[in-house]
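Undergrad: So you can see what is in the structure, the chains are spelled out below.
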Amino acid sequence: MCLTNKQKEMNCRKCEKYIVDYLENRLTGNKRQSVEEHLASCIKCVRLVEEVEQTFKISGQDKVREVNPFFYTRVMQRIKSSAPEARPVSFSVRWAINTAVYTMIVIVGFSLGVFLGLPSKSLELSRENEQLQNISEQYYLNEHEHAYYAQDYIENILVTGEE
Amino acid sequence: MNDKELVNRLKQNDQEAFRHLVENYQQMVINTCNSLLHNIEDAEDVAQEVFVEVYRSIDNFRAEARLSTWLYRISVNKSLNHIRGQKINKWISGIGQVFSSNEPVVNTLTDNPENEPQRSMEQKERAVILNRAIDGLPENQRIAFTLSQYEDLSYKEISAVMDVSVSSVESLLFRARRNLRKKLIKAYKNNIL
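Protein chains in written order, with our numbering: chain A, 1 to 163; chain B, 1001 to 1193.
Everything labelled a hint here was simulated from the structure, so no lab data went into it.
There's no promise every hint is true.
Said to hold, decoys possible - Computed beta-carbon distance windows for the label pairs:
1) B/SER1165 with A/SER41: 27 to 37 Å
2) A/SER111 with B/GLU1064: 28 to 38 Å
3) B/GLY1136 with A/TRP95: 31 to 41 Å
4) B/LYS1186 with A/SER111: 51 to 61 Å
5) A/GLN33 with B/ASN1002: 51 to 61 Å
6) A/LYS57 with B/GLN1086: 39 to 49 Å
7) A/ARG13 with B/ARG1178: 16 to 26 Å
8) B/MET1121 with A/GLY29: 37 to 47 Å
9) A/ASP21 with B/SER1165: 48 to 58 Å
10) B/ASN1060 with A/ASN30: 57 to 67 Å
What the hints assert, rightly or not - No farther apart than 20 Å at their CA atoms in a straight line, the calculated lysine to any residue pairs in the SDA-like style are these:
11) B/LYS1156 with B/ALA1065
12) B/LYS1004 with B/HIS1020
13) B/LYS1182 with A/VAL46
14) A/LYS44 with B/ARG1181
15) A/LYS80 with B/ASP1045
16) B/LYS1183 with B/LEU1137
17) A/LYS14 with B/LYS1183
18) B/LYS1189 with A/GLU16
To be verified - One side only, chain A facing chain B, incomplete, derived with CB under 10 Å:
19) LYS14
20) PHE56
21) ILE58
22) ASN68
23) PHE71
24) MET76
25) GLU155
For each residue, glycine too, the CB sits at the ideal point set by N, CA and C.
Same shape as in the complex, but just chain B (with noise of 0.2 Å):
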């Protein structure tokens, strides 16, 4: 089935085209989501949330996008969305406690060492200072850096998910990349320099 017979069917409230659709993309919203949010649990959880929406507001897809393009679209606006409701949450129950605090801040389960067994000491705190420098970019390069690093997407796939130019994509995974090393420099010359 392609992704236009799908979404005909989708539209035509086919349970069978549903289900379809989130054994085919599932993965893929679940790592979307999970490369911004660095936690398994609340990436199922959102993703559950993208499909919810997808089920509901199926009307509303242009033909003319990639149903792909749509996914990830909204995996990563509900991802976000996420990150914004765990900052005020944050906010409200003491931020303070945050700031005093400099051990890592191991509240996910890919940054929590106990859940990989498998991977060395050195690689689970390698994950734990990336993912926070990743945290620390600004909102446009870290989704162009996320869709390029963790999905593959080409330059042009970023822009037309980001409904950037790709000239646009180009400039923020080039920034991406330079600040991500200059937080990786600031968080690592302390312990070594």
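So that you can see chain A by itself, here it is in the shape it has in the complex (with noise of 0.2 Å):
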């Protein structure tokens, strides 16, 4: 019987999906025939299964078997050069130091709040200096208004002569 390509493609789905069992010998029955037909009639999973095969049973061969000559005096050297590492600290000491650092952190922003919350000298200092401001310019502006009538008033004495 010839497959569709949509039946065959169909085929090789579920055939990828059962090879891991197929491969461990895990199937049984209908599905390790159909498996098996598939195989015989598809080249394209069989090649799957031999690359994926081959390439698994290369685990565990890669191995070193030629060390550096020079590997003792290198460890040594290392030994020499480095200082020892620190102690690793207790979960007691973790636990102090997380604690101080976490209520330092509350107290800083606790009195970072509190700071901004309230009003400061400066900002009174500002205000202060702008009420002057508007004192001092409404001074200005009235001194102005006066010498213009004095102006005004001696320009109608000069014209009239009148007072």
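Given two chains presented individually in distinct reference frames, assemble the corresponding complex, making use of the accompanying hints.
TA: In structure tokens:
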């Protein structure tokens, strides 16, 4: 029976799904038979199975056969050149340090919040300065107005000769 | 010199005993590191760290454990730390480059075909695909699989190194083999199917 491409693709997909169980000899009965039948007719799936198995088999073969003759010398150089590693900090010390750090963060955060929440002296001073500036501006305007009226008054006398 | 005598002499800061330890176990330690790192230079570097730690912390060694078990444990831990460090470095230097590349990441001596001219090109390509698949396994499965396949350790020895039960090792190895085959199928199917 000639399979359509779609049917063949489906079979390949199903076969791919069962390949691991097939290779581990965990397939029995109809499933094993159908996988074997598919493998007998599909060269691509056969190649896939072969590649997977051949690659799987080389695991463990890649071993180091020769060791650098200066390995011991290098280890000794490393021991001499590097200072002993710092002793690992015990859990209780780490807990104490963490607690201290978090407490400090909370205190700083709280203080900052309080500091920003209260009206500061500089703010008060700036408000005072603003008030002073308003007063001086007002004074300047008043003075300017007086001078204008005075000039007007003098000009009027000069023109009309009357006070 | 047996392990017990060796450990006693090491605890007395005997330099000759330390030389004996390094010479006896260097291949085992380098192999273990290499099987996890897939890079002989990195493996030698990490193996040196392993012996430095042994030299400094031999007083912490418990007499009931086997010396080789202790060495395996330090080798695995140091190698995994090295991998984590590499991952962080890769992330810092631009992880996008790794993801954008479809080419195999050829960054190791064993991965590099030019380093082993005697091996066929096909075998080298297989080794690269296999190493990438092993690296993709969950950490515990990777350790168990590596110790079993590359060091030929028994389930009992692996359980001692990993500090888990023998049944856990069996389960880890079963899942590791299964996942490895699944990863290999995934790696090959795009090229074949």
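Undergrad: For this structure, which hints from the list above don't hold up?
TA: 1, 2, 6, 9, 19 and 25
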